[in-house]
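Peer 1: The hints should help you fit chain R onto chain L, whose structure is shown.
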Amino acid sequence: MPRITMREAISQALWEEMERDPDVFILGEEVGLWGGSYAVTRGFYDHFGTDRVKDTPISEATIVGAAIGAALTGLRPVAELMTINFAFSAFEHIVNQAAKLHYMFAGQMVLPMVIRTVSGGGRQLAATHSQTPDVIFAHFPGLKVVAPGTPEDAKGLLKSSIRSNDPILFIESATLYSSRGEVPDGEVLIPIGKSKVQRVGKDVTIVTYSKMLETSMKAADQLAQEGIEAEIVDLRTLRPLDMEPVIASFKKTNRAVIVEEGWRSFGIGAEVASRIYEEAFDYLDAPIQRVAQKEVPLPYNRTLEQFALPQVEDVIRAVKEVA
Amino acid sequence: MEKNDYMELFHQMLLIRLVEEQATLLYQQGKVGGFLHLYIGQEAVSTGIISSRQPDDRVITAYRDHGVAINCGIPVKVVLAELLGKVTGCSQGRGGSMHMADVNQNFWGGHAIVGAHLPIATGLALGDRYKGRDAVTICMFGDGATNIGYFHEALNLSKVWNLSVLWVCENNHYGMGTSVERASAVSEIRQKAEGYLIPNSRVDGMDLMKVREAAQTAIDTVRTNKTPYFLEVETYRFRGHSMGDPERYRTSEEVKHWQTEEDPIGIYHKYLVQNNIASVEEITELEKTAEQEVEAALQFAESSPEPLPEDLYKYLYVDVE
Numbered sequence: 001m002p003r004i005t006m007r008e009a010i011s012q013a014l015w016e017e018m019e020r021d022p023d024v025f026i027l028g029e030e031v032g033l034w035g036g037s038y039a040v041t042r043g044f045y046d047h048f049g050t051d052r053v054k055d056t057p058i059s060e061a062t063i064v065g066a067a068i069g070a071a072l073t074g075l076r077p078v079a080e081l082m083t084i085n086f087a088f089s090a091f092e093h094i095v096n097q098a099a100k101l102h103y104m105f106a107g108q109m110v111l112p113m114v115i116r117t118v119s120g121g122g123r124q125l126a127a128t129h130s131q132t133p134d135v136i137f138a139h140f141p142g143l144k145v146v147a148p149g150t151p152e153d154a155k156g157l158l159k160s161s162i163r164s165n166d167p168i169l170f171i172e173s174a175t176l177y178s179s180r181g182e183v184p185d186g187e188v189l190i191p192i193g194k195s196k197v198q199r200v201g202k203d204v205t206i207v208t209y210s211k212m213l214e215t216s217m218k219a220a221d222q223l224a225q226e227g228i229e230a231e232i233v234d235l236r237t238l239r240p241l242d243m244e245p246v247i248a249s250f251k252k253t254n255r256a257v258i259v260e261e262g263w264r265s266f267g268i269g270a271e272v273a274s275r276i277y278e279e280a281f282d283y284l285d286a287p288i289q290r291v292a293q294k295e296v297p298l299p300y301n302r303t304l305e306q307f308a309l310p311q312v313e314d315v316i317r318a319v320k321e322v323a
Numbered sequence: 324m325e326k327n328d329y330m331e332l333f334h335q336m337l338l339i340r341l342v343e344e345q346a347t348l349l350y351q352q353g354k355v356g357g358f359l360h361l362y363i364g365q366e367a368v369s370t371g372i373i374s375s376r377q378p379d380d381r382v383i384t385a386y387r388d389h390g391v392a393i394n395c396g397i398p399v400k401v402v403l404a405e406l407l408g409k410v411t412g413c414s415q416g417r418g419g420s421m422h423m424a425d426v427n428q429n430f431w432g433g434h435a436i437v438g439a440h441l442p443i444a445t446g447l448a449l450g451d452r453y454k455g456r457d458a459v460t461i462c463m464f465g466d467g468a469t470n471i472g473y474f475h476e477a478l479n480l481s482k483v484w485n486l487s488v489l490w491v492c493e494n495n496h497y498g499m500g501t502s503v504e505r506a507s508a509v510s511e512i513r514q515k516a517e518g519y520l521i522p523n524s525r526v527d528g529m530d531l532m533k534v535r536e537a538a539q540t541a542i543d544t545v546r547t548n549k550t551p552y553f554l555e556v557e558t559y560r561f562r563g564h565s566m567g568d569p570e571r572y573r574t575s576e577e578v579k580h581w582q583t584e585e586d587p588i589g590i591y592h593k594y595l596v597q598n599n600i601a602s603v604e605e606i607t608e609l610e611k612t613a614e615q616e617v618e619a620a621l622q623f624a625e626s627s628p629e630p631l632p633e634d635l636y637k638y639l640y641v642d643v644e
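Here the protein sequences line up with chains L and R, keeping their order. Number 290 in my numbering belongs to position 290 of the first sequence; there are no gaps in the numbering. Here my numbering = 1-based position in the second sequence + 323.
So that you can see chain L by itself, here it is in the shape it has in the complex:
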């Protein structure tokens, strides 16, 4: 199997779906002439033309709003928001329009649309450009939130998202674009809303997703050298949240650590831990641990920034608390 980068995997998914279905088109800031601010759509403008690769003004609300309108007419727009921090400017249209219209109008309105965006810190962009607010968007019924951690999942889940008939927020990690992984040749389609065991182990269950999958895998490799075998469950989709593999793993290990890049309070860890308590309390051998970002606006200074972000050592420490 070829080893390709996350960037290539996402680009391939978009390219293949645009070749397959003429109703798929891209709109967003710098997606065309520039080639995408993370170079995901490089070459698209020349190949697919201006009607299908649409550069927009800096108008996030209207990028998402226009995607909603176009989706209502039967097209399959893929809107790009340069970063999830700019999604706040489009918050109304993501959570109060896209997430509501199908339900509120009793199924009359169908929104086959994807909003691609980029989350995460670690690039010294300071507080306003470095957030991981994924969980906020996962709060809203009516929206689906997908956040892959490997190139294969990114490709397969993006292709499925584009073919889906529901509005999907597709969150990519800013610091994973150059990560490599094996992606099968040919068609890759991965169902939305399915968590996956990415590493098998017997001693502790690590629940994570996106960038923190990479961090957790590194931690698991080091822990293995000390004789602790961690099982890693990758959520891949935050809404709908598939707890089955998490619960199955937890019933085996009786211990859990939840690792997320965003802040701890009201986070993914809080949700997953609650569900474990609700569904598998009798299997609990140790209090569930959460690893998350320290609760400050992320600083610019590299040392401070890395100190605030969850690191491999933090995961190892948390695992040792429960294992």
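One or more hints might be untrue.
[What the hints assert, rightly or not] With a Cα cut of at most 25 Å, we get these calculated SDA-like pairs of lysine to any residue: (1) R:Lys454 x L:Trp15; (2) R:Lys549 x L:Arg52; (3) R:Lys593 x R:Glu614; (4) R:Lys454 x L:Gln311.
Since the hints were made in silico from the structure, they are not lab data. Remember, predicted model here, so these are calculated numbers, not experimental data.
Peer 2: Only chain R this time, still in chain L's reference frame:
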């Protein structure tokens, strides 16, 4: 226009007025919940605009949407059923007063967040352009919506991409209780379109014939020139912003003036008689028919079933894995 066409327009305005009066009663009886924004006084606006569209032309509006719904072809009984939250309502009781739609009539909703549907309108028009259709998207909104950022983003994009959108600002002089003068840097809202090089005009919204003429010109311009157009329609709501409006922001004399001198139904009534299109007796007959229609619609709505609790999760997603 044939006589029937003239009478149908009167019929539609009358139905809107009667439905809104009925809605007031239902609200007072506690049968309509939430917010209720009445269209009384503004009937000539949507009647004039929507009667000028082609079937492929899309309509999208704000939350003062009962009149628009009726003009777009949603039966009165279905409008009343939605107000009562019944499963026979156009949104099956999930939307209520502010969220009526019938996509089969090319009516893309009632939208309750001020200005938020304007970006969506650009997308509707983009979809038609993408597919090579020459349909026009008619997007209606109030004067208050022109002060929010979505308005400016959407107008700008519509011009940058030359989308076939007819922007219709229903200027009823007040955004809730704040007058245009107190909220907008320009008193003629159409001036805001100038900044985006969008052709525009302003028309008296209490005179149905004038609205129709302006709408026809505007729609033709959009369709022929493939450009957005901005039509400001000056109108007035005879009732409060919603139920429970203390109306401290305007005088009763002002309201009374508009109700007696500028009633769109009265003006059109006079037009029909003076131009020998219909006699007073014929119009009275039509009024009786409309009253019976609303009465029957009310019975339908009242006797319709409630949505079922077991269907609570229906329509959450299309694809359920």
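Peer 1: A separate judgement is required for each hint: does it hold in the structure or not?
Peer 2: Here is what the structure says about each hint:
1. Of the supplied pair hints, the one linking Lys454 (chain R) and Trp15 (chain L) holds, its CA atoms being roughly 20 Å apart against a limit of 25 Å.
2. This hinted pair checks out: Lys549 (chain R) and Arg52 (chain L) have alpha carbons roughly 19 Å apart, not beyond 25 Å.
3. Our distance criterion of 25 Å between C-alpha atoms is met by Lys593 (chain R) and Glu614 (chain R), whose separation comes to about 20 Å.
4. Among the hinted pairs, Lys454 (chain R) with Gln311 (chain L) is inconsistent with the structure: their alpha-carbon atoms are about 49 Å apart, more than 25 Å.
Checked against the numbered hints given earlier, this structure breaks only hint 4.
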